[in-house]
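Asks: Residue numbers (the working numbering), protein chains in the order written: chain A, 1 to 361; chain B, 1 to 143.
Each hint should be verified, as a subset may be incorrect.
Claimed, not checked - To give an idea of the interface, some chain A residues facing chain B are shown, with a C-beta separation under 10 Å as derived from the structure:
#1 Asn22
#2 Ala164
#3 Asp171
Bear in mind the hints are in silico, worked out from the structure with no lab data behind them. We put the beta carbon where it would ideally sit given N, CA and C, even for glycine.
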Amino acid sequence: MPQKLTFRKKIALELFRQYRKNAKKIHQLNYIFWEATLRCNLNCLHCGSDCKKEAATKDMPVADFISAIDDIREIVEPNHTMVVFTGGEPILRKDLEICGKQLYERGFPWGIVSNGFHLTHERIQSLLNTGMRAATISLDGLEASHNWLRGNKNSFKNAVSAIANLSKIHDFRFDVVTCANRKNVGELPEIKKLLLELGVTEWRIFTIAPIGRAAQMNDLQLPPNDFKSVFDFIANERKQNDLKVNFGCEGFLGYYEGEVRDNLFFCRAGINVASVLTDGSISACPNLRDNFIQGNIYEDSFREIWETKFQLHRDRSWAKTGECSSCEFFKYCEGNGLHFHSGPNSELSICHYKKIQEASN
Amino acid sequence: MKLKIAKTYNRFIAFFLWLLGIGSTAALNGCIGGYEYGSPHADFKINGMVTNQDNEKIPGIKVKVDYDSTYTDSDGKYNISVEAFPKDQNFFIQFSDIDGGENGNYQTLDTVVVFVDPEFKNGEGWYEGETSKEFDVKLKAEN
Numbered sequence: 001m002p003q004k005l006t007f008r009k010k011i012a013l014e015l016f017r018q019y020r021k022n023a024k025k026i027h028q029l030n031y032i033f034w035e036a037t038l039r040c041n042l043n044c045l046h047c048g049s050d051c052k053k054e055a056a057t058k059d060m061p062v063a064d065f066i067s068a069i070d071d072i073r074e075i076v077e078p079n080h081t082m083v084v085f086t087g088g089e090p091i092l093r094k095d096l097e098i099c100g101k102q103l104y105e106r107g108f109p110w111g112i113v114s115n116g117f118h119l120t121h122e123r124i125q126s127l128l129n130t131g132m133r134a135a136t137i138s139l140d141g142l143e144a145s146h147n148w149l150r151g152n153k154n155s156f157k158n159a160v161s162a163i164a165n166l167s168k169i170h171d172f173r174f175d176v177v178t179c180a181n182r183k184n185v186g187e188l189p190e191i192k193k194l195l196l197e198l199g200v201t202e203w204r205i206f207t208i209a210p211i212g213r214a215a216q217m218n219d220l221q222l223p224p225n226d227f228k229s230v231f232d233f234i235a236n237e238r239k240q241n242d243l244k245v246n247f248g249c250e251g252f253l254g255y256y257e258g259e260v261r262d263n264l265f266f267c268r269a270g271i272n273v274a275s276v277l278t279d280g281s282i283s284a285c286p287n288l289r290d291n292f293i294q295g296n297i298y299e300d301s302f303r304e305i306w307e308t309k310f311q312l313h314r315d316r317s318w319a320k321t322g323e324c325s326s327c328e329f330f331k332y333c334e335g336n337g338l339h340f341h342s343g344p345n346s347e348l349s350i351c352h353y354k355k356i357q358e359a360s361n
Numbered sequence: 001m002k003l004k005i006a007k008t009y010n011r012f013i014a015f016f017l018w019l020l021g022i023g024s025t026a027a028l029n030g031c032i033g034g035y036e037y038g039s040p041h042a043d044f045k046i047n048g049m050v051t052n053q054d055n056e057k058i059p060g061i062k063v064k065v066d067y068d069s070t071y072t073d074s075d076g077k078y079n080i081s082v083e084a085f086p087k088d089q090n091f092f093i094q095f096s097d098i099d100g101g102e103n104g105n106y107q108t109l110d111t112v113v114v115f116v117d118p119e120f121k122n123g124e125g126w127y128e129g130e131t132s133k134e135f136d137v138k139l140k141a142e143n
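Same shape as in the complex, but just chain B (with noise of 0.2 Å):
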């Protein structure tokens, strides 16, 4: 039970260091490179939409998880893909608005994608295929 808890708290440490933009969680399960290093993995792919509350498609907004960036396009559409081990998978993702106002101003959002029972298509081997999801955020306003 004791290990249990630790284990929980490590999750939740390993959440807030990398909202301090320290490390990442393979990072910080591994000794030489990460601990998806030569495993078994599979590419998790993330796609979707970023608007505002008012419905409009935010173009511009950067998009992070570990270590690979993307941007939203003009429709406000982004797709991200990180390599882990293929099982059920939270990824800690930040939305950036790094343009200044020239697509308005925004709140940065840091938030969890969660996979649970990911099905894995097109693998090989150890690669185990690749497993996508939908998520689709709003972003509030810079007060």
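This is chain A alone, in the form it adopts within the complex (with noise of 0.2 Å):
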């Protein structure tokens, strides 16, 4: 029989939904992507990206985004407002520190989301001089099924010698990142044993989304059984206080609502999230298709797009249609993550709630 949610959970759901519908109303930015390149020194199977070790477009230069963000500068409060690169493979680049000495200056916290390859004990310590406060870095599994996942032999290794390194640093704040597929679900104790020997304190555990190159993959797709072992998993060692693991920002998860995450569900892309591409679109999250694009900064003002656009981020009505049409929990959930549609009025890819349901049947 499927879990139900207790009357305590109804209650923070409702009051959640009333959150959810003032932070709409506040739309106050407070995390800003940064795509540095499309450029990637590994090919993996899952990448949402489309990634290429030369890609077509060519990395957008530091001053153009430094521009970006002075536009922006005014209407928000630089110091709670991080920003992350991304990629791509942001390391790729030569020039971050240049881009993080400047953000640092102007008050801004950043990070990195990285695959670990080149993070070299010497590239660490270069990026932390010039500001770097933050780094998610991606482990997989172990040797073997993150080395087919990331279709490198020594992807494994290098990722856990950057890990090691980060764990090494005081006062730094990182965590580290799985995406659970077939190859991994079964290891995930074993992840977790590894991390915490590598001295890591917070881990989040994603599914793989059916984008880009995953897209094509059926395999790297949880059947609903695996599926919904991940969330028994990550509410059990919740309870052991030994390592801070938490589900990622993806899907409304019924009665696991509270009880893997330490928030509930709410996808913030255009709410509180904003990205700048390497081609200068200014998008939401990231992950979402070319159709959520709101601007360029090329051609637009940064600020004004925040200001005046992002408004089918912040009205996800469009999304009530197929299987959510009559989703009994569409107000808390409101078509899960964008990053799920293939575009504004499109129908949603995969149903957490739903696929957890399959298996409880």
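Given two chains presented individually in distinct reference frames, assemble the corresponding complex, making use of the accompanying hints.
Replies: Pasting the structure below:
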């Protein structure tokens, strides 16, 4: 039988619904992704960006991104606005430190999302010297399964080395991200053991979204029972208090809301989160498709776009279609994360709640 | 004005959610991790004594702030530290009696510790250091 929402959770979800409504009104930008490059040193099976070693789109000059940051500076609190370098693999850019230093001088905290492959001790020190305060490193399994997904026989060794180096840094916030798939779902307890040995304190687990290359590979999608087992694993591990485990920011999870994440489900794309993509496009979360793009820093003011656009991100009523149209939980979910839609007004590609129910029945 | 009301409203909601055991102020504000993720930060140290209404010290009381918790020692004293943004802060704090009747039975107390214009010491870079506050409480006996 499916596990039902308790009275306590129902109250919490109703309160949080109002919280979300207020957050949409406030529309405070506090998280900016910069797609620093589309180049990548790996060839991951699940890549959401379809990155290549040599990308067709050239890297954006640092000065252009900083100019966009200066444009938006008056409507954000820099110290409360995180800038995250993503990609591609941002570490391939040799001028990240120049960008980081300029952000630091403007009061913006910044961090990176990296596969860790080229994140050597020396490069970490260089980034720290220019103000890097946070990092997220991907580790998608034990050696064989990680290397399989990442398409490189040395990727596990290098990622583990980067994680070990980051763990030693005093006063530095970082976490490890794992994309659960058919190959690694049974390894989660062993991965946790490894992370504890490496000195990691925070771990986030995602499932693999059917976008980018992963859209062509059904093998990467977990069957319902394995899918549900991920949440049982996280809920149980959170009780152990030895490692802070969270499920990523995807999907309304029914009974598991409040059990597997620090917060309740809320896709903040376009509500608190914006992205500047390599070609200058202004979007919300960098995982969104092109048709969610709201402007371009080479043609528009970043500030004006944030203040006047992003309507479809703040009003998700368009998502109440297809299987969502009759769902009793749409008011809490609002059509899952936007990256699970091929575009505005499109139907949902995967419903987390429904998949959990399939396993429960 | 409307935005100010919405912000205040959300702070209340965050508090009630915390009482329900879901979310923390940091988790409710952030996308990846808390909003303090890699930003300037400081340690807010809270220490004090837990007594009953007859001024007797109570050991073994669980003290919880966000995701951290500790217990009062044999003298009813506790110390707990929270990492947060270096500015005025309100922390929800809970005192609960979880050891059964061993040291008496007391009602759970949910309250707020307020830091106004905190002074930070021993900081470096974006770590602005630490500040502390004495916070003594009295617990009511269970009816």
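Asks: Each of the hints needs a verdict: does it hold here or not?
Replies: A quick look at each hint next to the structure:
Hint on Asn22/A holds. Least Cβ distance to chain B is approximately 4 Å, under the 10 Å limit. A hinted interface residue such as Ala164/A counts as satisfied when its beta carbon comes closer than 10 Å to some beta carbon of chain B; here the least separation is about 19 Å, so the hint is violated. The closest approach between the C-beta of Asp171/A and any C-beta of chain B is roughly 5 Å, which is under the 10 Å cut-off, so the hint is satisfied.
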